[in-house]
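Trainee: So you can see what is in the structure, the chains are spelled out below.
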Amino acid sequence: MYRETIIDFEQGCKCLEAGVSELKRILEEETSETRIDPKQYLELYTTIYNMCIQKHPHDHSQRLYNKYHDIVEHYAKKTVLPCVQQKHDEYLLRELSRRWDHYKVFVNWLSHFFNYLERFFIPQRNYPSLLEVAMKSFRDRVYLEVQVNAKDVVIALIDKEREGAQIDRELVKNVLNVFVQSGMGTIEKYKEDFEMFLLEDTESYYARKASRWIQECSCPEYMIKSEESLRKEKERVIHYLHSSTECKLVEIVEKELLVSVAKHLLEKEHSGCSALLRDDKVDDLSRMYRLYHPIPKGLEPVADAFRIHVAREGNALIKQAQDAAANGSLVEAQVLVGKIIDLHEKYMVYVLDCFKNHTFFHKALKEAFKVFCNKKVGGSSSAELLANFCDSLLKKSGKSDEAIEATVDNVVKLLDYISDNDLFAEFYRKKLARRLLFDHHKVNKEHETIMITKIKRQQGGQYTSKMEGMVTDMQLAKEFQKGFKGSLTAKPGGIDLAVTVLNTGFWPSYKTSTDLNLPREMVECVEAFKSYYGTKTNQRKLRWLYSHGTCHVIGSFDPKPIELVLSTYQAVVLCLFNNTERLTYQEIIEQLNLSHEDLVRVLLSLSCAKYRILNKEPASKSISTTDVFEFNSKFTSTMRRIKVSIPPPPIDERKKVVEDVDQDRRYAIDACIVRIMKSRKVLPHQQLVSQCVEQLSRMFKPDIKMIKKRIEDLITRDYLERDAKNHHIFNYVA
Amino acid sequence: MPPRSAPKPSKKRSNPDSVTSSATGPVPSASNKKKSSKEVDGTDKLFDKYANASSGVIDPEGIEKLCSSLEVPHTDIRILMLAWRMKAERQGYFTKAEWRIALEALKVDTIGKLKKALPELEKEVREPLKFADFYAYAFQYCLTEEKQKFLDIKTICQLLDMVLGSTFRAQVDYFIDYLKIQKDYKVINMDQWRGFYRFCNEISFPDMTNYNLELAWPSILDDFFEWLREKQA
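Taken in sequence, the protein lines are chains A and B. The opening residue of the first sequence carries number 2 in our numbering; numbering runs sequentially from there. The opening residue of the second sequence carries number 3 in our numbering; numbering runs sequentially from there.
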């Protein structure tokens, strides 16, 4: 329609108001016909448009802007608010939601009519947009009046839903949208007017639940309920809460349900962490991990409970073994160590599986094992037991490489838990020597190497250098022996001689009687080898360990000749009887130059034990220095070859090992102290001690008193001195 | 551990022939250097009275005679103090040079004057700084062998009684008891000897509340402390 006339403001407003009333009526009727008449629409649009483009003083843009503001204000205050305020509870929410929807439609329509303002006038003047104006009005006229009540109703609904009732989620969502929108671009209104209260309510809700459930439920039941609660709360957020609420909500639930009761929950007597571990409840333990993992520091109590449980189990094993030992039964290293290994594997599975390989649990396991792996059982340290275990393991034939490797892996892990590493090395070395020298037919070189290699990987090359040297020695000795054999034109003394040369540095020290008077034939053997060795090496001294040799001797007995497998000592004694039938103890000891203890053992084995090679007068069960011995020509056996065993000398091997290691430790401590002082020059006592402990911790746990004594010794030897002003500080003496 | 290659110079070496100023005694002033021949004579004459004619030094016998002249017991601390004054090197013997040093420092040349000078000497030695030096000297003085570093328990007990008995009676008595009972230590070295003196000075006795096992007290004192604690319980 083409108008030539100016539209007067009052006139225009009348038209506007008519349109607005029409809008309101349509909204009120809530028919699906929420459409305004196109003619009316156009008229309104054009009227406003014209009023804006009219020339001054008839351009009414500003007044129209203000009018718009009045319209929405009026609608909000006079229509929306009273309707909402009339209602309560859920009806309040419904009305609010309904009115809010209407308002949005209303504003939308208006924005079409006032479009010109939106596009040109408002940007020009930099005024708030029409929508902004509308929202502000709603906020100030409606929201501020009803938000408290609305909030209360919503929270009540949420609590109802928590108790299991169904609620109208869409409604709540819509209402909360009002809160959000009322923030005018920020989330502040939602947070201050709703979220804060929701969180408070949630906190007390779950605090109540927690205290009830913790009394009524077992640990697994409680955890299931907690997990369910968390799931539901998260779901709640998805459905009708603002997404930013999620992490705060979850945090509160976790705090009330899991953190505050952690100790009580985990330590529940028949169903707590310990019981779950004991009963192998993998699902429940996994759930426990899942629940506590997201909570900061949440896993610590769980890891702690784990550690305590494992330590208890380990201690029980040890106690069992200790009690058995106290009652007199032998400490079976294989059994005990085997059980400890099984325990380790069992709980490692939990660490990997339920506890998802988390470092806390690896650490807990390690600490638990360290607690009981260092206890003594029946006088044997754990280092010794482990060495014995390895010994049995390596003497077993018929095990595959894989089986050995698996067990060795476990052994090496246990070694890591033992603080006296150096003690283990010593015991292991002693046993290794015995295996290599006396059980060489049982020795599996591959298995020995596997063990040493794996130990080396964990403890370092220096730790295993001697062991490796020993194994290599055996190899070299074999080859050397071949060369020796090849060099011989005839058998020295008519005897097949085999010599194993050991490198003194690698092997344990052995006592030997070097003045043993060998029979002539053996002397020839020794000389022959000596000269061969002299040609092949440069200025090395051989020390003959006759105490460790074996000898095969043919006994020409009357019934039939029998081959006797003897120790060299035994053979040497018997050879005396080649020249004479009877000998007294005195004669024997004088001729041979053996020690009294050694000779007694030999004679016992030959005359009082299983095989009577010699007859003894008097025929008592023990050897006395007045006894007389005679070759038993009537001796016989069904077998063609018999081994006459001789019990090893009763040296307290354990005591010697401990002494040797103690001595080595003293040197190590001395060297460590000097090293530290040399680099620091001046150091107070406590720091010196703690640094020393730290540096040596790889090998062993040094005794503080021993360190102190070594320091004093070094003072006397002028390596250190006390500071003149403060006698608790040391100076290095260059 | 290889032994230290360079032998350390012996701590007790002093230069008997030079009149050096010692930190422990009054500095002989320049005027004293030129002694009147009469005074030197007197000192020497006194020396000769007690010295062994053939060896030229005062030997144990001579010292005994000296003690009776001075009217002090043979095992009196004051003789030890005298030895300290003259920095006597060898236990039981005074050389002429050492003798001169002491008597010059004390400004005496007759036996009577020497006897009168003893209380003053004692007072001087008991000054805290000098006493520490004297205390260490006492230990060293008893080392008779060339490279000896320890003294046996019996000697230590006697020495402690003599040197510290009057000032720290309780500590000395208990410590001597302990030394006699314990089996871990057969000898005492200088560090431990010194440690005990520090113990007497620093640690309140008999409560020992300020003793700290974690500090660098010699182990023997740690053991003594624990033994005493147990006894008191």
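Hints in this document: simulated from the structure, not taken from any laboratory. We treat Cβ as the ideally placed atom computed from N, Cα and C, and that holds for glycine. There may be inaccurate statements among the hints.
As the list claims (entries may be wrong) - Label-pair restraints from in silico Cβ distances:
#1 A:Ser510 with B:Lys98: 34 to 42 Å
#2 B:Pro75 with A:Arg667: 41 to 49 Å
#3 A:Thr454 with B:Ser206: 37 to 45 Å
#4 A:Leu331 with B:Ser206: 33 to 41 Å
#5 A:Arg667 with B:Ile183: 54 to 62 Å
#6 A:Ala725 with B:Ile183: 30 to 38 Å
What the hints assert, rightly or not - Calculated from the model, a selection of chain B residues having no Cβ within reach of chain A, i.e. all distances over 10 Å:
#7 Lys98
#8 Asn191
#9 Met192
#10 Arg200
#11 Met210
#12 Leu217
#13 Ala218
Trainee: Does each hint hold? Answer for all of them.
Mentor: So, going through the hints one by one against the coordinates:
{"no.": "1", "hint": "A:Ser510 with B:Lys98: 34 to 42 Å", "in the structure": "violated (57 Å)"}
{"no.": "2", "hint": "B:Pro75 with A:Arg667: 41 to 49 Å", "in the structure": "holds (45 Å)"}
{"no.": "3", "hint": "A:Thr454 with B:Ser206: 37 to 45 Å", "in the structure": "violated (60 Å)"}
{"no.": "4", "hint": "A:Leu331 with B:Ser206: 33 to 41 Å", "in the structure": "violated (54 Å)"}
{"no.": "5", "hint": "A:Arg667 with B:Ile183: 54 to 62 Å", "in the structure": "violated (26 Å)"}
{"no.": "6", "hint": "A:Ala725 with B:Ile183: 30 to 38 Å", "in the structure": "holds (33 Å)"}
{"no.": "7", "hint": "Lys98", "in the structure": "holds (33 Å)"}
{"no.": "8", "hint": "Asn191", "in the structure": "violated (5 Å)"}
{"no.": "9", "hint": "Met192", "in the structure": "violated (8 Å)"}
{"no.": "10", "hint": "Arg200", "in the structure": "violated (6 Å)"}
{"no.": "11", "hint": "Met210", "in the structure": "holds (17 Å)"}
{"no.": "12", "hint": "Leu217", "in the structure": "violated (5 Å)"}
{"no.": "13", "hint": "Ala218", "in the structure": "violated (3 Å)"}
This entry does not satisfy hints 1, 3, 4, 5, 8, 9, 10, 12, 13, going by the numbered hints stated previously.
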